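Colleague: Each step along the sequence shown adds one to the number in the working numbering, with nothing skipped, and position 354 is 951.
Take these hints with a grain of salt, some might be off.
[Claimed, not checked] Straight-line alpha carbon distances no greater than 25 angstroms define the calculated PhoX-like cross-link-like pairs of lysine-lysine that follow: (1) Lys839 with Lys882; (2) Lys621 with Lys869; (3) Lys981 with Lys914; (4) Lys1021 with Lys772; (5) Lys772 with Lys816.
[Stated by the list, open to error] Cβ-Cβ distance ranges computed for the label pairs, FRET-style: (6) Glu767 with Lys621: 40 to 50 angstroms; (7) Gly626 with Pro1020: 41 to 51 angstroms; (8) Asp640 with Ala608: 32 to 42 angstroms; (9) Lys779 with Lys611: 40 to 50 angstroms; (10) Glu850 with Lys599: 43 to 53 angstroms.
Source of the hints: derived by calculation from the structure; they are not laboratory data. Every value quoted in this text rests on a predicted model; they were computed, and no experiment measured them. Glycine residues also receive a C-beta, built at the ideal position from the N, C-alpha and C atoms.
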Amino acid sequence: MKTDFTLAQLADPKFSASNDILRKCVHCGFCTATCPTYTELGDERDSPRGRIYMIQQMLQSGQPAPADTVTHIDRCLSCLSCMTTCPSGVDYMHLVDHARQYVEETYDRPLVDKMLRKMLTILLPRPNLFRLALFGAGLSRPLKGLFRGRLRAMLDMAPKEIEQRSILDEVPLHKVDEPSRKGRVILMTGCAQKVLSPQINDATIRLLTRHGIEVVIPKESGCCGALPLHMGQEDPALELAKKNVLAWSAEAERGELDAIVINTSGCGTTVKDYGHLFEHDPALKEKAALVASLAKDITEYLADVELQTKGSTPSLKVAYHSACSLQHGQKVTNLPKQLLEKAGYDVYPLPEAHICCGSAGTYNLMQPEISARLKERKVKNIQKVAPDLVAAGNIGCITQIASGMELPVVHTVELLDWATGGPKPEQIERLHTA
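Generate the whole structure from the sequences, applying the supplied hints.
Modeller: So this is what it looks like as structure tokens:
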């Protein structure tokens, strides 16, 4: 793709990187076949190819982002399915991140939109505030018929019951007796996940310590920064990421650390990108690269652990939903299914497994109509498999899919914990006692 940036623009590392990305695109159109918004809306401007052209025009102009361009960039899920499909290796992830930052810097959003985005970047990374917001949403649930659009979507997505606080992930160190100790990891406990499904962290800790892996949870760490980053709010994102880089690199520099284990794949994709986020920061560049090199999805780490199943795993038909951030962002595709099968479950892939469920961070709140269409599409594909339950590796997907069907939707690690001596996942227990 031909570009025409000025020398002054190319002196900016972000514009220079975007120029290199744009020049790789040959507009072949392979990406349109796997883009969820294009397959749903049929508008070229809602395809990666169309957005790439609009981003090029926007960045080269040096002018404030046009409203039409903003509309179509906002509709992008950042599912990264286009990157899996692209034969030219176009780095769409970093290009659209730059585009979103440019939009936030130059475009004056409507006041309501601006306030909603600010609210989400304040609430979601802070578990205590998020818990309080969910409590308020619960009180407002009887009145949700009075609301439409985004406010209605927020009330619909809020859980009917707020989970009890986790005891396990509040403990900074989960030791293992020295003779049986086989490893040591940091566990990223996340932010929204700690409120929505604290049992995922509990299951992860039980599973790891049961197999001789010591778990460290540095108190200084927190939100990975993905949520503000994908809304173009780079400075808040970097501030959150910086805390993790400093906390985790300090622990790594003490030695005897195998990995930074992450059980929320949306977070994992961002943490693995910390080296890129801080590549121009002399003070944090090396530390961020170290953290990124140690980051592993929980299933990547468990692949090297000999899981000891209890030998009586229930014969359940599990539909495995592969989160976009895991299959497209991290290229982890078969490991979760292999681990579940090895643990004794009957695992079935989904039709259109590459298509996003519509969660995508805050997408289901910011673009509720498109998100609802993608959720319905995902649920129909799950129903074609006729499973007993659904497994996924990302809290956003779990919450999104569970809001559209009655079947239990659980984290992969909860099933692995159960198969190796842990408790039955709460969602399955509730279904069987209902």
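Colleague: Which of the numbered hints are not met once you compare them with the structure shown?
Modeller: none
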